[in-house]
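Work out the full structure, taking the sequences as your base and the hints as a guide.
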Amino acid sequence: MTDAGHKHPPILPFAIMCGGMFIALLDIQIVASSLQDIGGGLSAAQDEISWVQTAYLIAEIIMIPLSGWLTRVFSTRWLFTISAAGFTLSSMLCGLAWNIESMIVFRALQGLLGASMIPTVFTSSFYYFQGSRRVYSAAVVGTIASTAPTLGPVIGGWITDALNWHWLFYINLLPGLAITLLVPTMVRIDKPDLSLLRGADYLGILLMAIGLGTLEYTLEEGTRWNWFSDETITATAWIAGIALTLFVLRSLTYRNPVMDLRALGNRNFALGCLLSFVTGIGIFTTIYLTPLFLGYVRGFSAWQTGLAVFSTGVASLVGTPVYIILARRFDTRWLLMAGLACFGLSMWSFSFITHDWGAAELMIPQILRGFPQVFAVAPSVTLGLGSLPPDRLKYASGLFNMMRNLGGAVGIAVSAAILNDKTNLHFERIVSHLTPANLPMGQFLQSMTERYAVLPGGPAVAHSAALEQLWDLAYREARTLAFADAFRAIMLAFVVATLLAPLLRKVGAPKSAPASH
1418 MTDAGHKHPP
1428 ILPFAIMCGG
1438 MFIALLDIQI
1448 VASSLQDIGG
1458 GLSAAQDEIS
1468 WVQTAYLIAE
1478 IIMIPLSGWL
1488 TRVFSTRWLF
1498 TISAAGFTLS
1508 SMLCGLAWNI
1518 ESMIVFRALQ
1528 GLLGASMIPT
1538 VFTSSFYYFQ
1548 GSRRVYSAAV
1558 VGTIASTAPT
1568 LGPVIGGWIT
1578 DALNWHWLFY
1588 INLLPGLAIT
1598 LLVPTMVRID
1608 KPDLSLLRGA
1618 DYLGILLMAI
1628 GLGTLEYTLE
1638 EGTRWNWFSD
1648 ETITATAWIA
1658 GIALTLFVLR
1668 SLTYRNPVMD
1678 LRALGNRNFA
1688 LGCLLSFVTG
1698 IGIFTTIYLT
1708 PLFLGYVRGF
1718 SAWQTGLAVF
1728 STGVASLVGT
1738 PVYIILARRF
1748 DTRWLLMAGL
1758 ACFGLSMWSF
1768 SFITHDWGAA
1778 ELMIPQILRG
1788 FPQVFAVAPS
1798 VTLGLGSLPP
1808 DRLKYASGLF
1818 NMMRNLGGAV
1828 GIAVSAAILN
1838 DKTNLHFERI
1848 VSHLTPANLP
1858 MGQFLQSMTE
1868 RYAVLPGGPA
1878 VAHSAALEQL
1888 WDLAYREART
1898 LAFADAFRAI
1908 MLAFVVATLL
1918 APLLRKVGAP
1928 KSAPASH
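If you count by this note's numbering, then the sequence shown holds residues 1418 to 1934, one letter each, in order.
Worth flagging that the hints you see were computed from the coordinates, not collected in a lab.
Since the structure is predicted, the reported quantities are computational estimates derived from the model, not experimental observations.
One should not assume that every hint holds.
Unchecked claim - Pair by pair, the computed Cβ-Cβ distance ranges are:
1) W1642 / Y1892: 18 to 24 Å
2) V1913 / S1718: 35 to 41 Å
3) N1516 / D1889: 30 to 36 Å
4) L1590 / N1643: 37 to 43 Å
5) S1612 / V1913: 39 to 45 Å
6) A1776 / L1669: 46 to 52 Å
7) D1838 / L1590: 56 to 62 Å
8) G1548 / T1649: 31 to 37 Å
9) I1742 / L1669: 48 to 54 Å
10) S1849 / L1681: 33 to 39 Å
11) A1776 / R1672: 51 to 57 Å
12) D1838 / F1769: 17 to 23 Å
We put the CB at the ideal spot given by N, CA and C, even for glycine.
This is the structure we're talking about:
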C-alpha cells in the first residue's frame, strides 16, 4: 500500500470521487422527463428520441465491467481523472448538439467516458474505510447509487422548465471540471501498470462489448418493434447470446480475463450480484414507470412529474442516517431483508393505482420505496464485495455494478412488454362489458351526446364524439390496470430476493487493508 494515501483524511478524496459517481448516475435519468423537449429542439422523430437514453445506457453497460482492468492499467487516480475529464467534455458537446445524430453520438461518449467513475468509487470505499467505518462508506455509496437516478427526472424537469434542455448537460461542466482538477492531487490508492496492456484479453473485451451492447439494444428496443417479429431485434438477440456465451467460456479459460467471473464461485459475491440485479430492477423500473404514468395517464408536465416523484428522493435521504445507526447494532443481513421486503411492500401498494393518482396518492408508496433503498443496496455492497480478497475486488466490482444496470434494462424491457400486452388484454375485457345492456354506459353516452349536440354536423357527429370519449375512458382504465400489473411483477422479484437474503454469510473486517498493485 502507498503511504501517500494518508496525507489527506480519506473523507475528502472519497467525497470528491462520490461527486463524480453522483453526476454519472444522475445523467442516466436526467433526460427522462425532458425527452420530448430535446426531440423538439433537435427536430427528431418520435422513434429517435429514446436513443438519447439508449445510447448512454449501451455505452455505460459496456464500460462498467472494463473499469476493474482499466484501474489496474492506469491506476484509480488517472482512470478517474480521464473519466471525469471525458465526461465533462462530452457533456458540453451534448449541450451543443445540432441534430439528433450528433446528440446520440455525444450521449454514447458521455456514457462511455463517465461510466468508470461508478465502480471505481465502490472499490475505493474498501480502500479508504476499514472495519466498522465501512458501514458509513457503504451507506453513502448505496444512497448515491439509489438516489441519483431517482433525482434525475426531478432535476431534469426543473432545469428544462426553468432554463432549457441544453442546461441538462451544461450543469455538469463546473462539478466535472472541479473533479478533474482535484482527483489527481487528492487520490493516491495504487500505481499504474501499463505492462498489463501487453497480455490483455482483447478478444474477451471485444466479445463482451458486442454481447452487452446488443443485449442492451434488444432489451431497450424490443417492445417498440414487437420483439422477435422484427428482424433486427431477432438478429441482435442471437448476436448477444452467442457473443456472451463465448465471452463466458473465454473468461473462465483465459489466464488474465478482463472480468473475474470466477469470483461468482464465492457464494456471497454471487448472491450480492443477484441482489444488485433485483435492486436495479426496482430502482430503474419504477423511475421509468412512474413518470410514464404521470405523463400519459395524468398528462403532467416535466416539472409536475418531478414534484410528484420528489418524495422518493427525500425518503431515501432520510433512510441513510437511520441505516447507519441500525447497521452498527444489528446484523446487516437482517437489515437487507427488511429493506428488500419494504421495497416489495411498496410495489404492492403501487398496484392499487387508479387513473387519478397524483403526488398525494403516490406519497406513501414512494416513501415505502425510497426509505429502504439504502437498506437494499448498502448491505449487498458490504456482504457481496466485502467477502472477496482485496486483489480480486477491482475486477469483481465492475461485474457487481453491471448487474444493477442490467437489472434496470431487463426490468424496463419486461415492464414495457407488460404495459403493451396487458393494456390490450384489459381493454378487450372492459369493452366486452360495454353492451346495450350496460345501463350506466347508456346514460354516459346519452349525456355526452347531449353535450356534443352543439357541434356542427348534427346528432351523428355528436354520437360519434360521445363514442370516442367512451373509447378514451376505456383505454385510460386499461392502461392504468396494466401499470398495476407491472408493479406486481416487480414485487415478485423482491419477494424472491427477500427469501434469498438469509443465505448470505456474515463478513468480518479484513485482516489487512487492500494492497496496491
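Verdict for S1612, V1913 (Cβ pair) under range 39 to 45 Å: holds, 44 Å
Outcome of range test on Cβ distance (V1913, S1718; 35 to 41 Å): The hinted range 35 to 41 Å holds for V1913 and S1718, with Cβ atoms some 37 Å apart.
I1742 paired with L1669, Cβ distance criterion 48 to 54 Å: violated, 42 Å
Hint check for L1681 and S1849 - Cβ pair distance inside 33 to 39 Å: Violated, at about 49 Å.
Distance restraint evaluation - D1838, F1769, Cβ atoms, bounds 17 to 23 Å: Holds, since D1838 and F1769 (Cβ atoms, about 21 Å apart) stay within the stated range.
Beta-carbon spacing of N1516 to D1889 - inside the hinted bounds 30 to 36 Å or not: holds, 35 Å
C-beta pair L1590, N1643: status relative to the range 37 to 43 Å that was hinted: Holds - the Cβ-Cβ distance for L1590 and N1643, about 40 Å, lies within 37 to 43 Å.
56 to 62 Å as the expected CB spacing between L1590 and D1838, which holds or is violated: Violated, since D1838 and L1590 (Cβ atoms, about 43 Å apart) do not stay within the stated range.
Outcome for the supplied range 31 to 37 Å, where the beta carbon pair is G1548 and T1649: Violated - the Cβ-Cβ distance for G1548 and T1649, about 52 Å, lies outside 31 to 37 Å.
Range agreement (Cβ of L1669 with Cβ of A1776, hint 46 to 52 Å): Since the Cβ atoms of A1776 and L1669 sit about 50 Å apart, the hinted range of 46 to 52 Å holds.
Hint check for Y1892 and W1642 - Cβ pair distance inside 18 to 24 Å: Check passed, 22 Å falls within 18 to 24 Å.
Assessment of proposed distance window 51 to 57 Å (beta carbons of A1776, R1672): holds, 56 Å
The structure shown violates the earlier hints numbered 7, 8, 9 and 10.
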